[in-house]
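Trainee: Sequence:
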Amino acid sequence: MIRFVTAVVGITSALALAMPAAAQDREFGGEIELVDPNVLRVCADPNNLPFSNEAEAGFEQEVARFLADKLGLQSVSYTYFPQATGFVRMTLGSNLCDVIMSYPQGDELVQNTNAYYRTAYALVYPKDGDLAGVETIADPKLKDKRIGIVAGTPPATYLARAGLIGKAKPYQLMIDTRFDNSAKAMIDDLDSGEIDAAILWGPMAGYYAKESGKDYAVVPLTHEGKGPATTFRITMGVRASDQQWKRTLNQAIQDYQGEIDEILLSYGVPLLDEEDRPIVSKAGDVAPEPREPKG
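Numbering follows full-length UniProt numbering, with no gaps: position 257 of the sequence shown is 257.
Bear in mind the hints are in silico, worked out from the structure with no lab data behind them. Small disclaimer: the values here were computed from a predicted structure and weren't measured.
Quick list of the computed label-pair ranges, beta carbon to beta carbon:
(1) S281 - E108: 27 to 37 Å
(2) G166 - S77: 44 to 54 Å
(3) G193 - K143: 11 to 21 Å
(4) A160 - K70: 40 to 50 Å
(5) K141 - D273: 20 to 30 Å
(6) S192 - T136: 24 to 34 Å
(7) Q243 - Q172: 32 to 42 Å
(8) Q251 - S192: 42 to 52 Å
(9) E108 - N250: 14 to 24 Å
(10) G72 - K226: 46 to 56 Å
Even for Gly, the Cβ is constructed at its ideal location relative to N, Cα and C.
Just need the whole structure built from these sequences, with the hints factored in.
Mentor: Listed below in C-alpha coordinates is the structure:
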(Lines of atoms letter the chains of each structure in order from A and count residues from 1; the text may use other names and numbers.)
(Lines give C-alpha, C1' and ligand atoms only; values in the text may rest on other atoms or scores of the structure.)
Protein backbone atom coordinates (compact mmCIF):
# COMPACT_ATOMS: atom_id res chain seq x y z
CA MET A 1 0.00 0.00 0.00
CA ILE A 2 2.89 2.37 0.62
CA ARG A 3 3.53 2.41 -3.12
CA PHE A 4 0.09 3.93 -3.59
CA VAL A 5 0.84 6.68 -1.10
CA THR A 6 3.81 7.68 -3.22
CA ALA A 7 1.47 7.80 -6.22
CA VAL A 8 -0.46 10.57 -4.49
CA VAL A 9 2.69 12.68 -4.21
CA GLY A 10 3.71 12.22 -7.82
CA ILE A 11 5.23 8.78 -8.37
CA THR A 12 2.62 7.31 -10.69
CA SER A 13 2.34 4.60 -13.28
CA ALA A 14 0.27 4.90 -16.47
CA LEU A 15 -2.12 2.01 -15.96
CA ALA A 16 -5.47 1.45 -17.66
CA LEU A 17 -8.39 -0.30 -16.00
CA ALA A 18 -10.05 -3.12 -17.88
CA MET A 19 -13.74 -3.35 -18.72
CA PRO A 20 -16.09 -3.81 -15.74
CA ALA A 21 -17.49 -7.10 -14.56
CA ALA A 22 -21.16 -7.83 -15.24
CA ALA A 23 -23.51 -6.53 -12.58
CA GLN A 24 -25.46 -9.11 -10.65
CA ASP A 25 -28.41 -8.85 -8.28
CA ARG A 26 -28.19 -9.38 -4.54
CA GLU A 27 -30.69 -8.77 -1.79
CA PHE A 28 -28.18 -6.66 0.16
CA GLY A 29 -27.57 -3.36 -1.63
CA GLY A 30 -29.43 -4.20 -4.85
CA GLU A 31 -27.26 -4.44 -7.95
CA ILE A 32 -23.57 -4.58 -7.17
CA GLU A 33 -20.86 -5.29 -9.68
CA LEU A 34 -19.47 -8.53 -8.32
CA VAL A 35 -18.42 -11.48 -10.45
CA ASP A 36 -19.47 -13.76 -7.58
CA PRO A 37 -22.20 -12.19 -5.40
CA ASN A 38 -21.41 -14.56 -2.52
CA VAL A 39 -17.68 -13.86 -2.21
CA LEU A 40 -15.74 -10.75 -1.24
CA ARG A 41 -12.88 -10.89 -3.73
CA VAL A 42 -9.95 -8.82 -2.50
CA CYS A 43 -6.88 -7.60 -4.41
CA ALA A 44 -3.87 -7.91 -2.11
CA ASP A 45 -0.10 -8.06 -1.80
CA PRO A 46 1.19 -11.54 -0.82
CA ASN A 47 3.88 -10.24 1.56
CA ASN A 48 3.27 -6.73 2.81
CA LEU A 49 2.43 -6.65 6.50
CA PRO A 50 0.74 -5.00 8.25
CA PHE A 51 -1.56 -4.68 5.23
CA SER A 52 -1.77 -8.24 3.88
CA ASN A 53 0.06 -11.50 3.31
CA GLU A 54 -0.68 -15.02 2.14
CA ALA A 55 -1.24 -16.14 5.74
CA GLU A 56 -4.12 -13.61 5.88
CA ALA A 57 -2.51 -11.92 8.89
CA GLY A 58 -2.85 -8.29 7.74
CA PHE A 59 -5.31 -5.66 8.89
CA GLU A 60 -6.74 -5.32 5.39
CA GLN A 61 -7.68 -8.98 5.62
CA GLU A 62 -9.11 -8.55 9.12
CA VAL A 63 -11.27 -5.69 7.85
CA ALA A 64 -12.26 -7.74 4.78
CA ARG A 65 -13.42 -10.67 6.94
CA PHE A 66 -15.38 -8.29 9.14
CA LEU A 67 -17.10 -6.59 6.20
CA ALA A 68 -17.86 -9.88 4.46
CA ASP A 69 -19.67 -11.04 7.58
CA LYS A 70 -21.63 -7.80 7.90
CA LEU A 71 -22.55 -7.80 4.19
CA GLY A 72 -23.81 -11.37 4.37
CA LEU A 73 -21.16 -12.74 2.02
CA GLN A 74 -20.20 -16.38 2.39
CA SER A 75 -16.42 -16.03 2.15
CA VAL A 76 -13.40 -13.89 1.27
CA SER A 77 -10.97 -14.76 -1.51
CA TYR A 78 -7.73 -13.09 -2.57
CA THR A 79 -5.91 -12.33 -5.79
CA TYR A 80 -2.28 -11.73 -4.85
CA PHE A 81 0.15 -9.55 -6.77
CA PRO A 82 3.06 -7.40 -5.49
CA GLN A 83 1.96 -3.80 -4.94
CA ALA A 84 4.22 -2.22 -7.52
CA THR A 85 3.88 -1.29 -11.18
CA GLY A 86 1.03 -3.30 -12.71
CA PHE A 87 -0.84 -4.07 -9.48
CA VAL A 88 -4.14 -2.41 -10.43
CA ARG A 89 -4.03 -3.64 -14.03
CA MET A 90 -3.27 -7.23 -13.04
CA THR A 91 -5.86 -7.45 -10.25
CA LEU A 92 -8.83 -5.08 -10.12
CA GLY A 93 -8.47 -4.05 -13.75
CA SER A 94 -8.47 -7.69 -14.89
CA ASN A 95 -11.67 -8.44 -12.94
CA LEU A 96 -9.85 -11.00 -10.80
CA CYS A 97 -10.99 -9.22 -7.63
CA ASP A 98 -13.44 -6.48 -6.72
CA VAL A 99 -11.80 -4.25 -4.10
CA ILE A 100 -8.38 -2.96 -3.10
CA MET A 101 -8.65 -2.55 0.66
CA SER A 102 -6.29 0.44 1.07
CA TYR A 103 -5.95 3.21 -1.50
CA PRO A 104 -5.15 6.93 -1.00
CA GLN A 105 -8.02 9.30 -1.58
CA GLY A 106 -7.75 11.19 -4.85
CA ASP A 107 -5.73 8.72 -6.88
CA GLU A 108 -7.28 8.28 -10.33
CA LEU A 109 -6.30 4.66 -11.02
CA VAL A 110 -9.36 3.49 -9.09
CA GLN A 111 -12.71 4.81 -7.92
CA ASN A 112 -12.41 5.66 -4.23
CA THR A 113 -14.93 4.84 -1.56
CA ASN A 114 -15.27 7.22 1.35
CA ALA A 115 -12.15 7.25 3.51
CA TYR A 116 -12.21 4.73 6.35
CA TYR A 117 -9.07 5.92 8.08
CA ARG A 118 -6.69 8.83 8.15
CA THR A 119 -3.05 8.50 9.13
CA ALA A 120 0.37 10.04 8.58
CA TYR A 121 4.04 9.36 8.22
CA ALA A 122 5.46 8.86 11.69
CA LEU A 123 8.66 9.36 13.64
CA VAL A 124 9.74 6.40 15.78
CA TYR A 125 12.28 6.58 18.63
CA PRO A 126 12.83 5.11 22.12
CA LYS A 127 10.40 6.66 24.60
CA ASP A 128 12.95 6.90 27.39
CA GLY A 129 15.83 8.23 25.26
CA ASP A 130 17.11 11.73 24.63
CA LEU A 131 14.57 12.27 21.85
CA ALA A 132 11.61 12.07 24.23
CA GLY A 133 9.02 14.69 23.37
CA VAL A 134 10.13 15.28 19.77
CA GLU A 135 7.11 15.93 17.53
CA THR A 136 8.58 17.52 14.41
CA ILE A 137 11.54 16.94 12.12
CA ALA A 138 12.68 20.52 12.82
CA ASP A 139 13.20 19.81 16.54
CA PRO A 140 16.81 20.70 17.54
CA LYS A 141 17.06 17.40 19.44
CA LEU A 142 17.39 15.63 16.09
CA LYS A 143 20.56 17.51 15.17
CA ASP A 144 23.49 15.11 14.67
CA LYS A 145 21.17 12.09 14.96
CA ARG A 146 21.18 9.36 12.34
CA ILE A 147 17.64 9.03 11.06
CA GLY A 148 16.26 6.27 8.86
CA ILE A 149 14.20 7.53 5.93
CA VAL A 150 12.61 5.87 2.90
CA ALA A 151 14.04 7.70 -0.11
CA GLY A 152 11.56 9.68 -2.17
CA THR A 153 8.87 9.94 0.51
CA PRO A 154 7.48 13.32 1.68
CA PRO A 155 9.39 13.43 5.00
CA ALA A 156 12.69 13.36 3.10
CA THR A 157 11.95 16.93 1.98
CA TYR A 158 11.62 18.05 5.59
CA LEU A 159 14.81 16.22 6.59
CA ALA A 160 16.68 18.11 3.89
CA ARG A 161 15.11 21.40 4.96
CA ALA A 162 16.25 20.79 8.54
CA GLY A 163 19.78 19.97 7.42
CA LEU A 164 19.50 16.37 8.58
CA ILE A 165 19.77 14.52 5.29
CA GLY A 166 23.58 14.27 5.38
CA LYS A 167 23.60 11.81 8.26
CA ALA A 168 20.35 10.08 7.34
CA LYS A 169 20.33 6.41 6.37
CA PRO A 170 18.25 5.89 3.21
CA TYR A 171 16.07 2.85 2.56
CA GLN A 172 14.61 1.86 -0.80
CA LEU A 173 11.13 2.98 -1.77
CA MET A 174 10.35 0.85 -4.80
CA ILE A 175 10.90 -2.73 -3.71
CA ASP A 176 9.56 -6.17 -4.52
CA THR A 177 7.73 -7.05 -1.32
CA ARG A 178 8.26 -10.75 -1.98
CA PHE A 179 11.94 -10.30 -1.16
CA ASP A 180 12.49 -6.97 0.61
CA ASN A 181 10.94 -5.05 3.49
CA SER A 182 12.34 -1.56 4.03
CA ALA A 183 10.06 -0.85 6.99
CA LYS A 184 11.09 -3.92 8.96
CA ALA A 185 14.75 -3.34 8.09
CA MET A 186 14.50 0.21 9.42
CA ILE A 187 12.97 -0.84 12.75
CA ASP A 188 15.54 -3.65 13.03
CA ASP A 189 18.25 -1.00 12.62
CA LEU A 190 16.58 1.11 15.30
CA ASP A 191 16.57 -1.92 17.60
CA SER A 192 20.29 -2.48 17.04
CA GLY A 193 21.29 1.17 17.41
CA GLU A 194 22.34 1.53 13.78
CA ILE A 195 19.99 4.53 13.60
CA ASP A 196 18.67 6.83 16.34
CA ALA A 197 15.18 7.35 14.92
CA ALA A 198 13.07 6.11 12.03
CA ILE A 199 10.61 7.89 9.76
CA LEU A 200 8.18 5.73 7.81
CA TRP A 201 4.57 5.37 6.74
CA GLY A 202 2.36 5.38 9.84
CA PRO A 203 0.75 1.93 9.62
CA MET A 204 4.18 0.35 9.11
CA ALA A 205 5.72 2.48 11.84
CA GLY A 206 3.08 1.47 14.38
CA TYR A 207 3.03 -2.19 13.42
CA TYR A 208 6.77 -2.85 13.37
CA ALA A 209 7.37 -0.75 16.48
CA LYS A 210 4.79 -2.91 18.25
CA GLU A 211 6.22 -6.14 16.84
CA SER A 212 9.72 -5.22 18.05
CA GLY A 213 8.64 -5.48 21.68
CA LYS A 214 10.58 -2.29 22.48
CA ASP A 215 9.09 0.77 24.16
CA TYR A 216 8.99 3.11 21.18
CA ALA A 217 7.17 6.38 20.67
CA VAL A 218 5.30 6.50 17.35
CA VAL A 219 4.65 10.17 16.61
CA PRO A 220 2.53 11.13 13.57
CA LEU A 221 4.20 13.97 11.65
CA THR A 222 1.37 16.49 11.50
CA HIS A 223 3.22 19.75 12.24
CA GLU A 224 5.76 20.01 9.43
CA GLY A 225 4.44 23.25 7.92
CA LYS A 226 4.32 24.08 4.22
CA GLY A 227 5.50 21.39 1.87
CA PRO A 228 4.56 17.87 0.80
CA ALA A 229 1.59 16.30 2.54
CA THR A 230 2.41 13.88 5.35
CA THR A 231 -1.17 12.94 6.23
CA PHE A 232 -3.49 10.96 3.95
CA ARG A 233 -7.07 9.71 3.92
CA ILE A 234 -7.22 6.04 2.97
CA THR A 235 -10.15 4.58 1.07
CA MET A 236 -11.02 1.31 -0.60
CA GLY A 237 -10.55 1.18 -4.37
CA VAL A 238 -13.12 -0.23 -6.81
CA ARG A 239 -13.58 -0.08 -10.59
CA ALA A 240 -14.82 3.22 -12.04
CA SER A 241 -17.98 1.49 -13.28
CA ASP A 242 -18.93 -0.10 -9.96
CA GLN A 243 -21.18 2.61 -8.56
CA GLN A 244 -23.54 0.42 -6.55
CA TRP A 245 -20.64 -1.58 -5.10
CA LYS A 246 -19.04 1.67 -3.99
CA ARG A 247 -22.28 2.77 -2.32
CA THR A 248 -22.55 -0.59 -0.56
CA LEU A 249 -19.03 -0.23 0.83
CA ASN A 250 -19.63 3.40 1.80
CA GLN A 251 -22.70 2.38 3.80
CA ALA A 252 -20.73 -0.37 5.54
CA ILE A 253 -17.92 2.06 6.40
CA GLN A 254 -20.46 4.47 7.88
CA ASP A 255 -22.26 1.77 9.84
CA TYR A 256 -19.17 0.06 11.25
CA GLN A 257 -16.54 2.80 11.52
CA GLY A 258 -16.01 2.17 15.23
CA GLU A 259 -15.38 -1.53 14.74
CA ILE A 260 -13.02 -0.85 11.83
CA ASP A 261 -11.08 1.63 13.98
CA GLU A 262 -10.59 -1.04 16.64
CA ILE A 263 -9.18 -3.47 14.07
CA LEU A 264 -6.72 -0.88 12.78
CA LEU A 265 -5.65 0.15 16.28
CA SER A 266 -4.99 -3.48 17.18
CA TYR A 267 -2.30 -3.51 14.48
CA GLY A 268 -0.70 -0.34 15.79
CA VAL A 269 -2.00 1.97 13.05
CA PRO A 270 -1.79 5.59 14.27
CA LEU A 271 -5.25 6.92 13.46
CA LEU A 272 -6.01 10.64 13.19
CA ASP A 273 -9.25 12.56 13.08
CA GLU A 274 -9.73 15.53 10.74
CA GLU A 275 -8.13 17.84 13.33
CA ASP A 276 -5.01 15.65 13.53
CA ARG A 277 -5.98 14.40 16.98
CA PRO A 278 -5.17 10.75 17.75
CA ILE A 279 -8.08 8.31 17.68
CA VAL A 280 -7.76 5.88 20.57
CA SER A 281 -9.42 2.58 21.35
CA LYS A 282 -12.86 2.74 22.93
CA ALA A 283 -12.56 -0.88 24.02
CA GLY A 284 -10.27 0.00 26.93
CA ASP A 285 -6.71 1.09 27.42
CA VAL A 286 -5.42 -1.62 25.09
CA ALA A 287 -6.90 -2.43 21.69
CA PRO A 288 -7.74 -6.10 21.01
CA GLU A 289 -4.97 -8.27 19.60
CA PRO A 290 -5.09 -9.17 15.89
CA ARG A 291 -6.39 -12.58 14.92
CA GLU A 292 -3.78 -15.35 14.70
CA PRO A 293 -2.39 -15.91 11.19
CA LYS A 294 -4.02 -18.59 9.08
CA GLY A 295 -2.15 -21.87 9.44
